[in-house]
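Chain by chain, the residues run as shown.
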Amino acid sequence: MMTDANNMLDAKNAHELNKNSGLKAIGSWALEYIVTIIFVLFVLLGFAVSKDVSLNYFFSELNSRVFRNAFLVLSLIIPVLAGLGLNFGIVIGAMSGQTAVAIARYYGLGGVSALLLCSVMSFFFAGLCGYFTGKLYNKTRGQEMIASLIVGYFANGIYQFLFLFVVGVIIKVPATHPMIKPDGIGIRMTVDLMPVNKGGLKYALDNVYKIPFMHALLILALAILLVLAIRYWQNIRRGHAHKNRPMTFAFNILMCLVIAGISAHAIITKSSLMMIPKVPVVTGLLIIGLCFFTEWIMKTKLGQDFRSVGQSQHIAEVSGINVDRTRIIATMISTILASWGQLIYLQNMGTLNTYNAHTQIGLFSVAALLVGGASTSRASIKNALFGTILFNAMFIMSPEIGKSLFGQPALGEYFRTFMVYGVIGLALGLYVWKANKKNKIVIE
Amino acid sequence: MSDSTVKADLSYHLKSALSGVGIPTIIIALFWVLTLFGGHFVGISIQSLLSDTLKRAGMNAVLVLAMVPAIQSGTGPNFALPIGIECGLFAMVCSIEMGLMGVPWLLCSAALCIPLAVISGYAYGKLLNAVKGSEMTIATYTGFSVTALLALAWLTLPFTNPKMGWMMGTGLRETIQLDAVGAAQILNNFMMFSIGGVDVPTGLFLVFGVLALLVWLFFRSKMGIAISAGGINPKFALAAGLNIDRNRIWANVLSTVLGALGIIIYSQSFGYAQLYTAPLLMAFPAVAAILVGGASASRANVSNVVIGVFLLQGLFTTSLPVTNELFRGTDLSEIMRMVVQNGIILYALTQVKRGG
Numbered sequence: 000m001m002t003d004a005n006n007m008l009d010a011k012n013a014h015e016l017n018k019n020s021g022l023k024a025i026g027s028w029a030l031e032y033i034v035t036i037i038f039v040l041f042v043l044l045g046f047a048v049s050k051d052v053s054l055n056y057f058f059s060e061l062n063s064r065v066f067r068n069a070f071l072v073l074s075l076i077i078p079v080l081a082g083l084g085l086n087f088g089i090v091i092g093a094m095s096g097q098t099a100v101a102i103a104r105y106y107g108l109g110g111v112s113a114l115l116l117c118s119v120m121s122f123f124f125a126g127l128c129g130y131f132t133g134k135l136y137n138k139t140r141g142q143e144m145i146a147s148l149i150v151g152y153f154a155n156g157i158y159q160f161l162f163l164f165v166v167g168v169i170i171k172v173p174a175t176h177p178m179i180k181p182d183g184i185g186i187r188m189t190v191d192l193m194p195v196n197k198g199g200l201k202y203a204l205d206n207v208y209k210i211p212f213m214h215a216l217l218i219l220a221l222a223i224l225l226v227l228a229i230r231y232w233q234n235i236r237r238g239h240a241h242k243n244r245p246m247t248f249a250f251n252i253l254m255c256l257v258i259a260g261i262s263a264h265a266i267i268t269k270s271s272l273m274m275i276p277k278v279p280v281v282t283g284l285l286i287i288g289l290c291f292f293t294e295w296i297m298k299t300k301l302g303q304d305f306r307s308v309g310q311s312q313h314i315a316e317v318s319g320i321n322v323d324r325t326r327i328i329a330t331m332i333s334t335i336l337a338s339w340g341q342l343i344y345l346q347n348m349g350t351l352n353t354y355n356a357h358t359q360i361g362l363f364s365v366a367a368l369l370v371g372g373a374s375t376s377r378a379s380i381k382n383a384l385f386g387t388i389l390f391n392a393m394f395i396m397s398p399e400i401g402k403s404l405f406g407q408p409a410l411g412e413y414f415r416t417f418m419v420y421g422v423i424g425l426a427l428g429l430y431v432w433k434a435n436k437k438n439k440i441v442i443e
Numbered sequence: 000m001s002d003s004t005v006k007a008d009l010s011y012h013l014k015s016a017l018s019g020v021g022i023p024t025i026i027i028a029l030f031w032v033l034t035l036f037g038g039h040f041v042g043i044s045i046q047s048l049l050s051d052t053l054k055r056a057g058m059n060a061v062l063v064l065a066m067v068p069a070i071q072s073g074t075g076p077n078f079a080l081p082i083g084i085e086c087g088l089f090a091m092v093c094s095i096e097m098g099l100m101g102v103p104w105l106l107c108s109a110a111l112c113i114p115l116a117v118i119s120g121y122a123y124g125k126l127l128n129a130v131k132g133s134e135m136t137i138a139t140y141t142g143f144s145v146t147a148l149l150a151l152a153w154l155t156l157p158f159t160n161p162k163m164g165w166m167m168g169t170g171l172r173e174t175i176q177l178d179a180v181g182a183a184q185i186l187n188n189f190m191m192f193s194i195g196g197v198d199v200p201t202g203l204f205l206v207f208g209v210l211a212l213l214v215w216l217f218f219r220s221k222m223g224i225a226i227s228a229g230g231i232n233p234k235f236a237l238a239a240g241l242n243i244d245r246n247r248i249w250a251n252v253l254s255t256v257l258g259a260l261g262i263i264i265y266s267q268s269f270g271y272a273q274l275y276t277a278p279l280l281m282a283f284p285a286v287a288a289i290l291v292g293g294a295s296a297s298r299a300n301v302s303n304v305v306i307g308v309f310l311l312q313g314l315f316t317t318s319l320p321v322t323n324e325l326f327r328g329t330d331l332s333e334i335m336r337m338v339v340q341n342g343i344i345l346y347a348l349t350q351v352k353r354g355g
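From first to last, the protein sequence lines are chains A and B. Counting in numbering that gives the first Met the number 0, the first sequence runs from 0 upward without gaps. Counting in numbering that gives the first Met the number 0, the second sequence runs from 0 upward without gaps.
Worth flagging that the hints you see were computed from the coordinates, not collected in a lab. The structure presented is a predicted model; accordingly, all values stated were derived computationally and were not measured. Don't take every hint at face value.
[What the hints assert, rightly or not] Okay, derived cross-link-like pairs now, BS3-like style, lysine-lysine, Cα gap no bigger than 25 Å in a straight line: (1) A:381 to A:433; (2) A:436 to B:234; (3) B:221 to A:433; (4) A:381 to A:277; (5) B:221 to B:234; (6) A:50 to A:402; (7) A:436 to B:131; (8) B:234 to B:125; (9) A:436 to B:125; (10) A:437 to B:234; (11) A:134 to A:300; (12) A:209 to A:197; (13) B:125 to B:221; (14) A:138 to B:131; (15) A:433 to B:125; (16) A:439 to B:234; (17) A:439 to A:23; (18) A:437 to B:125; (19) A:209 to A:298; (20) B:125 to A:439; (21) A:242 to A:381; (22) A:242 to A:298; (23) A:436 to A:23; (24) A:180 to A:300; (25) A:298 to A:23; (26) B:234 to B:131; (27) B:131 to A:439; (28) B:234 to A:433; (29) A:277 to A:298; (30) A:437 to B:221; (31) A:437 to A:23.
Please build the complete structure, drawing on both the sequences and the hints.
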């Protein structure tokens with residue numbers, strides 16, 4: 000009898016314990032992804048309260064924004080893995096890209112070939128700038144993130160010196176040129192990049208080949224389906240069947256099928272979803288290409304070096320890796336990728352906001368990456384892509400919420416700014432707090 | 000004593016004096032002198048340049064002073080200065096709402112901002128203790144977030160005084176004229192006199208002098224010394240039985256209070272209270288100023304404040320008319336401000352020793 004009762008008590012205790020640890024697990028999971036959860040809830044709230052946001056409007060806005068920004072967000076991954084933290088210094092890459100575009104515009108070059116030339120030019124500009132930024136990060140070890148923010152401001156000063164003073168005072172330019180200010184000194188605030196069919200850069204990449212959004216969605220869903228199936232089958236064939244998680248697999252397959260089904264239905268019935276603007280295929284392929292490039296480089300010797308330097312600079316040094324050099328290379332790659340990302344951004348915008356286009360790039364891209372569930376030391380392609388989508392969804396919904404809840408779109412815009420800063424602060428703060436707590440436990 | 004030993008002696012003294020002065024201080028001082036001469040050659044009177052310098056330095060001095068406690072306690076320069084600034088702005092706006100004018104307005108603002116700043120400084124100090132090792136980055140984003148949050152508050156809080164609202168719609172104006180409450184330059188004009196054409200804003204300097212003296216005395220008190228000790232070597236201070244976490248919190252409370260008082264002094268001299276995004280980047284010139292004065296990211300004192308604020312603000316104020324005269328149609332002084340200010344902060348960051 001006694002043992003029975005004891006057993007029962009034990010079982011009960013164990014049950015309680017399980018429940019507690021279950022709750023704890025959920026709690027720590029929620030803490031881990033708190034930023035993501037806040038954003039998902041915010042976007043859902045937006046849909047709930049605002050009446051005049053149609054699904055069409057939402058998707059067309061999201062569509063163009065994601066294609067514009069994804070490349071920039073992806074350029075942040077490598078420095079994170081190499082232990083440099085979130086590289087706010089990608090604004091320097093963005094400035095390099097803009098310098099290349101300004102040169103092309105000045106000589107009236109246009110089309111895909113001009114864009115290629117721009118990418119070559121910005122490769123060298125950004126590579127050089129990235130080299131010096133990397134050197135700086137090596138000198139400010141442990142404070143890279145604040146250094147990267149401030150070096151962005153610093154570089155902005157030099158950029159303005161080039162564009163407002165050197166152009167005009169030192170390099171003489173004709174005042175009649177459409178991108179030069181009327182008094183002949185400096186470049187205008189906004190420079191029209193001219194549509195690509197009129198010999199400009201606007202949509203030079205986007206307009207190469209476009210397909211309807213729903214077709215793209217269908218192809219993407221089927222492609223993911225195929226990749227998932229091949230991976231599942233390969234795992235079985237190689238005897239890694241335990242790596243397969245049937246439930247997750249089934250869920251993913253189901254999601255893909257649902258999306259494919261919806262798009263097929265929309266295509267066949269020509270429903271209103273077909274009104275969503277077309278998708279720029281080449282831009283999309285470049286983004287996918289960068290995903291593969293990032294995956295690939297992390298598998299090379301260099302990528303392994305990035306990882307070991309990211310984990311412990313000391314151990315990496317001892318095992319014969321040139322830590323300083325590796326960190327500089329990571330910064331250079333990130334800066335160059337960011338400059339190309341800015342080219343994609345600019346050709347889509349169609350105008351060069353000479354003194355404003357780059358200032359927010361660092362903040363927004365970092366916020367997007369963090370929203371996707373990344374942290375100071377951990378980031379993946381999934382984080383970047385998901386984060387870009389979610390962050391831009393917030394951007395679209397924020398003024399709508401301000402309008403429908405308070406009758407003031409301006410409120411939504413301030414709220415948006417608050418979300419950007421708040422997200423970065425919260426994510427970084429939580430990360431350090433958790434790391435410090437772990438250290439304390441280890442010491443005790 | 001022979002001639003050569005005197006020379007050697009002199010050069011030794013010069014060297015030791017110079018080694019105490021940092022590279023940024025020397026560079027900025029040289030630049031300032033250069034722009035002053037430049038101004039003289041293009042025909043701007045040095046008196047007016049110096050008058051402006053005194054005014055700008057006095058206006059910014061308390062904001063720079065706010066850096067001292069934070070740096071001494073080991074949390075690094077207070078990049079979250081906007082927290083204190085927003086407390087000061089809130090107090091000013093509330094005082095206007097109460098319908099106060101002139102000196103009572105000023106006193107009420109100062110009295111109101113202190114409790115606000117103590118509370119928020121305490122919370123901020125707690126936050127900094129949770130994120131040891133990355134204080135500067137987190138502080139920057141905390142300051143940014145608070146600025147954005149307060150922008151929402153300015154837009155939604157039900158203030159009704161017509162001196163602050165828009166003509167139509169709700170929310171406060173971006174800049175509130177302090178002329179309207181009779182408080183513009185109220186401190187500057189107190190006992191103002193001029194020597195050889197240079198105006199000296201006595202009241203401004205008196206207030207700064209009193210606050211600087213208080214901070215100086217505070218760091219000679221038992222608590223002040225404990226704070227400095229925790230900043231120099233936390234492990235040693237811990238072993239000596241000091242409560243470092245508590246000291247860090249009090250240092251940041253003091254810093255936030257000074258920030259709040261600083262913006263009131265700044266605004267009355269400027270003549271406008273600037274709301275919304277204006278406080279966002281205000282921490283950076285203050286950080287740069289104290290670094291120019293010879294402080295590092297971990298050591299600072301009141302003399303660094305005085306030297307730094309005069310040199311940096313002197314350079315910024317003189318360069319504006321001088322470069323405008325030299326290169327018409329350009330905005331070189333604004334560009335120089337960005338490069339100099341951020342370059343100095345970067346230089347200081349490269350000097351930070353990695354904490355064990």
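Notebook entry, point to check: Any of the earlier hints contradicted here, and which numbers?
Noted result: Those not satisfied are hints 3, 19, 24, 25, 29 and 30.
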